[in-house]
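Please model the complete structure; the sequences and the hints are all you need to start from.
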Amino acid sequence: MTVPYPTGHDRAEEVSATSVGELIGNISDDLSQLFRQEVELAKAELKQEAAKAGKAAGMLGGAGFAGYLAVVLLSLAVVFGLGNVMDLGWAALIVAVLWGAAGAVLYVTGRKQLKTVDPMPRRTVDTIKEDAQWLKNPTG
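For what it's worth, the working numbering labels the leading residue of the sequence shown as 2, then goes sequentially.
Simulated from the structure, these hints should not be mistaken for laboratory data.
Derived CB-CB ranges, DEER-like:
hint	residue 1	residue 2	range
1	Pro122	Val86	52 to 62 Å
2	Tyr69	Leu136	48 to 58 Å
3	Thr117	Gly22	54 to 64 Å
4	Glu50	Glu23	33 to 43 Å
5	Ser33	Val73	58 to 68 Å
6	Val109	Val86	26 to 36 Å
Straight-line Cα separation of at most 25 Å, DMTMM-like style, residue types lysine to aspartate or glutamate; simulated pairs:
hint	residue 1	residue 2
7	Lys56	Glu46
8	Lys116	Asp127
9	Lys56	Glu41
Each residue gets a CB set at the ideal place from its N, CA and C atoms; glycine is no exception.
Structure below.
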């Protein structure tokens, strides 16, 4: 009966016959293959997540459009509701002024918040500087 796997003694002879250079080469090859497999796995996961994000973005876009239409139709309902009390032209002007005021408030608030945005990733820059300093002087 033949043994499909080498016995402990056979394996020991095989390992002792292998040079250190071959062992390091094998380890290097194995690590390279492992790294390539991990990169392929990451690519596959990113592709899958990007597809999910695309679908979600499409749904959010559809929801935004539906909300926009609801606001337009509600605005028209307010115009026609006010039209029962006054001329339709004046009712439409009142609704337009209200929307203009809301837009102005949102613009001013958004511009104020935008001025507080710092495009430079300060913490990242600081940690990169620390890493560079450590590389220059790893013992201190």
